[in-house]
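Starting from the known structure of chain A, arrange chain B on it as the hints suggest.
There are 2 protein chains.
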Amino acid sequence: MLNFSFKRATEYVFGKGVETKAGEMLKKYGATKVLVHYGQGSVVRSGLLARVEDSINAVGIPYVSLGGVQPNPVDKLVYEGIELCRKESVDFVIAVGGGSVIDSAKAIAAGVLFGGDFWDFYSGKAEMTKALPIATVLTIPAAGSEGSPSTVINKITGDGPIEKRGSGGDCVVPTFSLLNPELSYTLPSYQTACGAVDIMAHVMERYFTNTPDVEITDRLCEAVLLTVIKHAPTAIAQPENYAARSNIYWAGTVAHDDSIGLGREGDWATHLMEHELSALYGVAHGAGLAVMFPAWMEYVCEQDLDRFVRFAKNVWNIDCEGDKKATAMKAILTMKDFFKSLDMPTSFAELGAKKEDIDKLVEILFKGSGGKPIGGFVKLAEEDARKVYEIAAR
Amino acid sequence: MLNFSFKRATEYVFGKGVETKAGEMLKKYGATKVLVHYGQGSVVRSGLLARVEDSINAVGIPYVSLGGVQPNPVDKLVYEGIELCRKESVDFVIAVGGGSVIDSAKAIAAGVLFGGDFWDFYSGKAEMTKALPIATVLTIPAAGSEGSPSTVINKITGDGPIEKRGSGGDCVVPTFSLLNPELSYTLPSYQTACGAVDIMAHVMERYFTNTPDVEITDRLCEAVLLTVIKHAPTAIAQPENYAARSNIYWAGTVAHDDSIGLGREGDWATHLMEHELSALYGVAHGAGLAVMFPAWMEYVCEQDLDRFVRFAKNVWNIDCEGDKKATAMKAILTMKDFFKSLDMPTSFAELGAKKEDIDKLVEILFKGSGGKPIGGFVKLAEEDARKVYEIAAR
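If you're matching them up, the sequences are chains A and B in order.
For the first sequence, numbering that gives the first Met the number 0 begins at 0 and goes up steadily by one.
For the second sequence, numbering that gives the first Met the number 0 begins at 0 and goes up steadily by one.
I should point out that these hints are in silico values taken from the structure, not numbers from a laboratory.
Among these hints, one or two may not hold up.
Same chains, same label: a pair holds when it works inside one copy or across any pair of copies.
Pairs of lysine-lysine residues, derived as BS3-like cross-links and limited to a Cα-Cα distance of at most 25 Å, are as follows [unchecked claim]:
| no. | residue 1 | residue 2 |
| --- | --- | --- |
| 1 | 27 | 129 |
| 2 | 366 | 26 |
| 3 | 386 | 366 |
| 4 | 354 | 366 |
| 5 | 6 | 129 |
| 6 | 26 | 6 |
| 7 | 15 | 27 |
| 8 | 6 | 312 |
| 9 | 229 | 312 |
| 10 | 335 | 229 |
| 11 | 26 | 324 |
| 12 | 26 | 15 |
| 13 | 154 | 86 |
| 14 | 353 | 366 |
| 15 | 312 | 329 |
Here chain A stands alone, though its shape is the one from the complex (with noise of 0.2 Å):
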């Protein structure tokens, strides 16, 4: 086990009905004018922005909103926010929506006490040291960006590729989540099944690591994985039931808030070669991870047969008394299977992707690496990802 420091001082609130606590819980943390940011009418229509809206009025705390943010979060509505938080003298930025609503306030948060460009935090150029305080709402458990200190935005620039880069800093954890599973009762299957992939591959992300002597941590990962495989199916047959909805809610912020993570090295190359696909085609990334991690795994398993081979047997109940690379396959083409009864896309064409696009998608990935190889478990170059895509497209 590695050495660590952690922290994690988001307040969370869970359960039904905890989106009417937001007022009183901006008025204990001090909040005396508000943001309120959100997504593209989903959350007027259900009137859940309205029961939030009302409880920040309830408690007398002045607030302006600023919707319109889209799936795949982008810079131009950041620089709008940061605009209007400093005309508006906003002191506390709520989130209301998921994964791409939390990260694009959590930029404009960020941005607002900057005095510099704030994407200079996503091309490497600036570190996140202060930002305005931040609450969410969770609506999608996907992300877990409502108890990270992640954040993920795409530059669009006239011509040339949308750039997707990720950005983060202990000063854009959450300070309090408000989450209530209820609200992801009225999900599409389909974004039902991305968050669940994005779940399970912000722990396999760090599951699969050289760090020895992590079976703290393993168990851990195993947990959550094991918990997201058993009830992914429910929610999608059945959007209503509560235990589903609740134990995937949970799942969502254990996955990625790095208590599962702690002392051992993780990954991260699939995520980054799923953001040029989200990038250059704006899928969703649950779907392009769906594609993606298959193929990774097939590509990198080799450098730790054991560790597929634990995988096989304490997340997919694998027989493991054969060749440890057939075994690895095993678990791989189990977990394919899986994603696909989500009706989850396990290929390039399914989600619409191009093969002749391959050299194009390396070229932007390695341009946000600075031409350094990606991944912890095993680095990639320009090369080896290529044959990941390249797989990904069979």
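Okay, now just chain B, sitting in the frame of chain A:
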């Protein structure tokens, strides 16, 4: 899953040599005068206390020291610590030791800011709502007090029996905890084993619940149990095995920071019944738990045989094809055998407890509960508790 709120603001610094960060961390959190609280000499002999004090000296923060905490810490030293802190205007307490030292430090930290008798917190007359900030340098993975709001103190009155009572509050959750697994290298096997049982007990008090649909925390609980079951024998056989020591260290914190108990009711009757054994015979908490947990399980298992079958399968890898009650009993026996393999007692006789004291144990136990039944999974009245003690005394 039940609704819950969760916030744990402890900063953990984990790994080799982290005790030397005590000074810089105290400075980071604004300490201006520190009480260094410790036990009965082993931290002096090992040089640990000197390393901690040197690091505090290095940042120029004045401190006073108070040693002498004994296992099953007593009220007398708490009064002394409170007086010392007031006299010296201490504003931060750092505990260097195991659960007893940390619990004593918590009592002092809360007592300093309380107008009345600190024992009121433990007798149920007052609630802990404010305390000096606390830090820990942990030496024994067991009590989980380094990340929990709990504290247990023994009141010794002239003639009457010793009262062992718990209290707690968010205000005594440590501000930071320095966790160096190497500090447990010198633990005697017996203490290592007691710690392992205590960690497992903290999980099992949460695991046995009537709350339905808690897969995520069920799995997280199982993760911690499996880790301890794997590594405790290694830690005893090879005291300087860092893999074993580090996994147990972190498992001990995870087991009791409540992350694995969220959204579910716990039980805790076994802890209460054990406290009376520790109070009457001065036995180590973990040893008492090794005796009481199997007895409690035998008495209550019919409450939910499916849960015990799950326990048998997922924790003890027992084939669960046959009769549920038989499977449950096999799980209990397997756990008992595991405790025995760690040289833990599993009966009154081995513990040095006496069957003829059962009436006295029950009497003090229910004096502590104000006559109310104890436990959440099964509510035990006096008659039930007597039967559990009788099973332990067989």
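Numbers of unmet hints, in rising order: 2, 8 and 11
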